[in-house]
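In this text, residue positions in the sequence shown follow our numbering: the first is 5, and each later residue adds one.
Warning: the hint list may mix true and false statements.
[To be verified] So the derived label-pair ranges between C-beta atoms look like this:
#1 P65 to F160: 44 to 52 Å
#2 P53 to E82: 34 to 42 Å
#3 V115 to A41: 26 to 34 Å
#4 T158 to L84: 39 to 47 Å
Keep in mind that the hints were calculated from the coordinates and are not lab data. From the three backbone atoms N, C-alpha and C, an ideal C-beta is built for every residue, glycine too.
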Amino acid sequence: MSATEQEAGEVKASDVEVEASRLVRIIAAVVLVVLSATFLVGVFDIRSPKGLDPAGPRFFPLLVTAAWLVLSIAYLIEGLRSPRAAPSSDRSWFEPVAVSALLVLYALLVVPLGYVLSTALLFFAAARVLGSRQLVRDIVVAVVLAVVVYVAFTQFLDISLPGGVLGL
5 MSATEQEAGE VKASDVEVEA SRLVRIIAAV VLVVLSATFL VGVFDIRSPK
55 GLDPAGPRFF PLLVTAAWLV LSIAYLIEGL RSPRAAPSSD RSWFEPVAVS
105 ALLVLYALLV VPLGYVLSTA LLFFAAARVL GSRQLVRDIV VAVVLAVVVY
155 VAFTQFLDIS LPGGVLGL
């Protein structure tokens, strides 16, 4: 048996990893579809005399969960259509795991540190994890986004967010 025949009969480890990664993406997408559909059904349990009026309490949850469902279905389709070829990068697992860890850390820190500080840190760290290497830009964008969202929610929507160590 020649080397090429032996190679053709072998299952390469990289192909197994790609298929496992693809399977994990498909399973995650199915879980997201089920969760979003469940939440979408739950939105209709919100009692409102205004129905689906944009001023009513059901409108934004309906909008968000419907978008979540559409994006989850798109992610599932992308996972099903993805090629079974080896990825070009060995770091394909790192970014989602690191961003997930950042989100868990954010959930733990948002109350003690406050919304603005913890959100700015999350945005900055996520930008770095996702490959940005422009330090000043990352800091400026993180702080500006965190402050703009904080002001929009607290001043215009009258939603209180944790002040934390900054005492906002």
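Status of the hints after comparison with the structure:
1. P65 to F160: 44 to 52 Å: 19 Å, violated
2. P53 to E82: 34 to 42 Å: 40 Å, holds
3. V115 to A41: 26 to 34 Å: 30 Å, holds
4. T158 to L84: 39 to 47 Å: 42 Å, holds
This entry does not satisfy hint 1, going by the numbered hints stated previously; all others are met.
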